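Those protein sequence lines, which keep their order, are chains A and B.
First residue of the first sequence? That's 23 in the numbering used here, and the numbers climb one at a time after it.
First residue of the second sequence? That's 4 in the numbering used here, and the numbers climb one at a time after it.
Please keep in mind that the hints were generated in silico from the structure rather than gathered at the bench.
For clarity, every value in this text was computed on a predicted model and none was experimentally measured.
Any given hint could turn out to be false.
Pulled a few chain B residues facing chain A out of the computed Cβ check, cut under 10 Å [unchecked claim]:
hint	residue
1	A77
2	S80
3	V307
4	A346
Calculated pairs, SDA-like style, for lysine to any residue (alpha carbon to alpha carbon, straight line, at most 20 Å) [claimed, not checked]:
hint	chain 1	residue 1	chain 2	residue 2
5	A	K34	B	A107
6	B	K244	B	N287
7	B	K310	A	A81
Not the full set, but computed from the structure, chain B residues with beta-carbon under 7 Å of chain A [said to hold, decoys possible]:
hint	residue
8	R46
9	G48
10	A65
11	D66
12	Q130
13	P221
14	L224
15	D282
16	F285
17	V286
18	P295
19	L339
20	T350
21	S351
By construction, the Cβ of each residue, glycine as well, lies at the ideal position given by its N, Cα and C atoms.
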Amino acid sequence: MGIATAQICSMKQVAAMVGSPRIVTGRSVLHPTGDPALAPEAEQMLRRGIVADAIRALAADGIPHAA
Amino acid sequence: MEPIRIVHYLNQFFGQLGGEELAGIKPQIKSEAIGPGRVLQARLGASFEVVATAICGDNTFADNPEAAAEDLTALISEFRPQILIAGPAFNSGRYGQACGQLCASIQEKLAIPAITGMYQENPAVDQFRNRVLIVRTGPTARTMGEAIDQIVSLVKRIAAGDPLDRPAELGCFPHGMKRPVVREQIAARRAIDMLLSKLTGQPFTTEMSVPVFDRVEPTRLKLPLSEATVALVTDGGLVAKGNPERMPNGYTDRITAIPIHGLDRFTTDIVEAHHGGYDTQFVNQDLNRLTPLDAARELERNGVIGKLHETVYATAGLGMSISNAKKVGREIGRRLLDQGVQAVILTST
Numbered sequence: 023m024g025i026a027t028a029q030i031c032s033m034k035q036v037a038a039m040v041g042s043p044r045i046v047t048g049r050s051v052l053h054p055t056g057d058p059a060l061a062p063e064a065e066q067m068l069r070r071g072i073v074a075d076a077i078r079a080l081a082a083d084g085i086p087h088a089a
Numbered sequence: 004m005e006p007i008r009i010v011h012y013l014n015q016f017f018g019q020l021g022g023e024e025l026a027g028i029k030p031q032i033k034s035e036a037i038g039p040g041r042v043l044q045a046r047l048g049a050s051f052e053v054v055a056t057a058i059c060g061d062n063t064f065a066d067n068p069e070a071a072a073e074d075l076t077a078l079i080s081e082f083r084p085q086i087l088i089a090g091p092a093f094n095s096g097r098y099g100q101a102c103g104q105l106c107a108s109i110q111e112k113l114a115i116p117a118i119t120g121m122y123q124e125n126p127a128v129d130q131f132r133n134r135v136l137i138v139r140t141g142p143t144a145r146t147m148g149e150a151i152d153q154i155v156s157l158v159k160r161i162a163a164g165d166p167l168d169r170p171a172e173l174g175c176f177p178h179g180m181k182r183p184v185v186r187e188q189i190a191a192r193r194a195i196d197m198l199l200s201k202l203t204g205q206p207f208t209t210e211m212s213v214p215v216f217d218r219v220e221p222t223r224l225k226l227p228l229s230e231a232t233v234a235l236v237t238d239g240g241l242v243a244k245g246n247p248e249r250m251p252n253g254y255t256d257r258i259t260a261i262p263i264h265g266l267d268r269f270t271t272d273i274v275e276a277h278h279g280g281y282d283t284q285f286v287n288q289d290l291n292r293l294t295p296l297d298a299a300r301e302l303e304r305n306g307v308i309g310k311l312h313e314t315v316y317a318t319a320g321l322g323m324s325i326s327n328a329k330k331v332g333r334e335i336g337r338r339l340l341d342q343g344v345q346a347v348i349l350t351s352t
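Using the sequences and the accompanying hints, generate a full structural model.
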């Protein structure tokens, strides 16, 4: 039972405090998986990297709630 | 006597600079009381002076809390305050984190007392209550008047040198500290008395209150990713174009279900972001910046994941109560389990 989750976010302290088991750093509160300041190809690379981090996190055990 | 010097901290909204479109403004300071600071000044009276108002955009702070707190602390120190008042932040997540972090930083760097106010469900309460005096407020700015009265009465006590080491008795969140007290009976005697009371059905009070946390054990993926069905979920307010499901842009217990069958990436004619808590202009130029459909499809094509689930679920995580968040999470989780999903990538704004 259950679903494995990975959370891409910028407010990492908040995510950790409420017990999110796999936290991946997003680019910004305003655009978690992109960046309008980058050229389209660079932005695509950035997004691939962030999603790849999330995929790697999903394959890991996850961190139990520490609070 | 010189009035006691106070610096007040506000976000861009309460600082009267603007709404979400200005949430990215840099730390700044003005040598006057602004907005709620004027009410503070009026109620504190002539023995206190709000000498400056420090302001920072919520996103600027949330994106790099340590740097923002450091910059603000430097700006604030020039006004030689004796007390810092931050907010109150009510139930606002980013603003609460900013107020808590700034109070902690000011106490540490300037060695002056700091005080803020928040609603009990603000995540920053648990993050900072052990080191920052946080007044209990209502959930929204509608309770500003009462919150300011509470803060004013505590600021007067701080100025008078009253010990404030039992915050729970002052209408604040407890620091969670223990203080030694002298009891007449030794512990063994008290324990036996408690046990006898319990056995005979008499009332008794435990000396050790155990906090109750809502813990969820991390779920492990039980099959290889290359065989798993992975779903994309977001709390950033993704809706089908025109919001046909009529999801509110915040303060909601509702979700949207967006079919992505046949789509290689999100385009602006299909979906949009509907969320009142952040400036959505950047994700509305390219919704893959919010929900990375294009990158996830590549992983599906390359066989890194077994299958991308054909529905994206979303909600608008703004001012969401914990009870609503649980309801939304359970509903999305139930549907995904029914639909055979094993893993989720959740993007949060």
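Outcome of the hint check:
no., hint, verdict
1, A77, "22 Å, violated"
2, S80, "24 Å, violated"
3, V307, "6 Å, holds"
4, A346, "4 Å, holds"
5, K34(A) <-> A107(B), "18 Å, holds"
6, K244(B) <-> N287(B), "11 Å, holds"
7, K310(B) <-> A81(A), "15 Å, holds"
8, R46, "32 Å, violated"
9, G48, "37 Å, violated"
10, A65, "5 Å, holds"
11, D66, "6 Å, holds"
12, Q130, "6 Å, holds"
13, P221, "3 Å, holds"
14, L224, "4 Å, holds"
15, D282, "6 Å, holds"
16, F285, "5 Å, holds"
17, V286, "6 Å, holds"
18, P295, "4 Å, holds"
19, L339, "6 Å, holds"
20, T350, "5 Å, holds"
21, S351, "4 Å, holds"
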